[in-house]
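Counting along the sequence shown from 1, when you hit position 131 you're at 131 in the UniProt record's numbering, and nothing is skipped either side.
Please note that a few of the clues may not be correct.
Cut-off 25 Å, straight-line C-alpha distance, at most; resulting in silico cross-link-like pairs (DSS-like, lysine-lysine) [as the list claims (entries may be wrong)]:
id: 1; residue 1: 130; residue 2: 61
id: 2; residue 1: 130; residue 2: 193
id: 3; residue 1: 130; residue 2: 53
Label pairs and their in silico Cβ distance ranges [unchecked claim]:
id: 4; residue 1: 102; residue 2: 220; range: 49 to 59 Å
id: 5; residue 1: 20; residue 2: 193; range: 32 to 42 Å
id: 6; residue 1: 192; residue 2: 89; range: 44 to 54 Å
Hints were generated in silico from the structure; no laboratory data involved. Backbone N, C-alpha and C fix where the C-beta goes; we use that ideal spot for every residue, glycine too.
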Amino acid sequence: MAKTAALVIAHGSPDPDWLNLVESAVRQCQSELPTRVAYLGGVEGRSISDEWKRLEASGAKRIVVVPLFASAGSNHVTEIRAMLGLTPWPTWETEQVRIPVRARILWCPPLEDHSLVEQIVGQRAMELAKDPRKEALLLVGHGSDWPGCQERWEKLLRRMTFRLQNRYAFAAAGYATLRPDTLREQVVALSEKGEVIVLPLFVSQGYFTRKAIPARLAELSYRYNGSAYLPHPLIADWIAQSIRMALVTDLFTQRSVYEHGREKTVEVGR
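Use the sequences and the hints to build the structure in full.
Written out as structure tokens, the structure is:
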């Protein structure tokens with residue numbers, strides 16, 4: 001195997017359809033690097049530790065890590081960075097364990113509000129909109145109760161809400177999180193401005209999009225189809241762009257973190 005490889009890390013799910021959407025996006029990715037997918041949990045034999053060992057055993061000395069998560073505020077992104085030794089171990093309780101790392105890490109940002117992601121969200125909004133001037137848009141993120149993580153979620157949601165309202169001229173726009181739970185109160189407030197379009201910012205459909213959000217909005221009037229980022233061809237493009245940017249950053253800037261006397265990590269966008 002080549003000395004450089006890529007590892008896409010996703011949440012994981014016991015639902016085979018959920019996994020197929022992720023695997024399909026990675027297969028469609030136009031990258032010259034050998035690329036594997038690891039899951040934080042829920043998929044036997046495909047953990048981050050399992051896949052990391054496979055890549056290092058096959059000769060990879062440099063690994064581009066692509067976290068397929070909606071926000072840098074995700075609790076799981078914090079866990080993954082700690083598992084790989086990029087940040088100190090969390091002070092709060094976690095079931096994860098640190099992974100012995102020999103390869104040099106090129107860390108990519110998660111999805112956030114990358115231009116390709118914004119295109120997907122805009123398309124999803126327009127699939128539901130009839131007359132934006134008479135409608136209100138509500139973006140819904142998972143949110144977090146961990147220190148510092150909720151602030152990252154809210155910054156992302158504010159940026160995305162502002163740009164989508166300006167681009168499509170919605171009568172009003174806002175955002176909500178499931179943790180802490182602000183969803184119902186935001187729908188009620190926005191309904192005074194027009195019919196509410198509820199749009200979840202989730203990588204793929206699952207429990208939260210199919211059950212949690214509809215349950216919390218029971219008996220309210222709103223427009224919703226539960227769509228997520230996947231399936232969409234732009235996710236494969238985002239993965240490919242993330243890998244290329246990591247390699248370019250490594251080549252031209254060599255901004256690295258030194259640990260134990262050797263160059264170890266490149267942080268893209270930092």
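Outcome of the hint check:
1. 130 with 61: violated, 52 Å
2. 130 with 193: holds, 15 Å
3. 130 with 53: The given pair, whose Cα atoms are some 50 Å apart, is violated under the 25 Å limit.
4. 102 with 220: 49 to 59 Å: For residue 220 against residue 102, whose Cβ atoms are near 53 Å apart, the range 49 to 59 Å holds.
5. 20 with 193: 32 to 42 Å: holds, 39 Å
6. 192 with 89: 44 to 54 Å: holds, 46 Å
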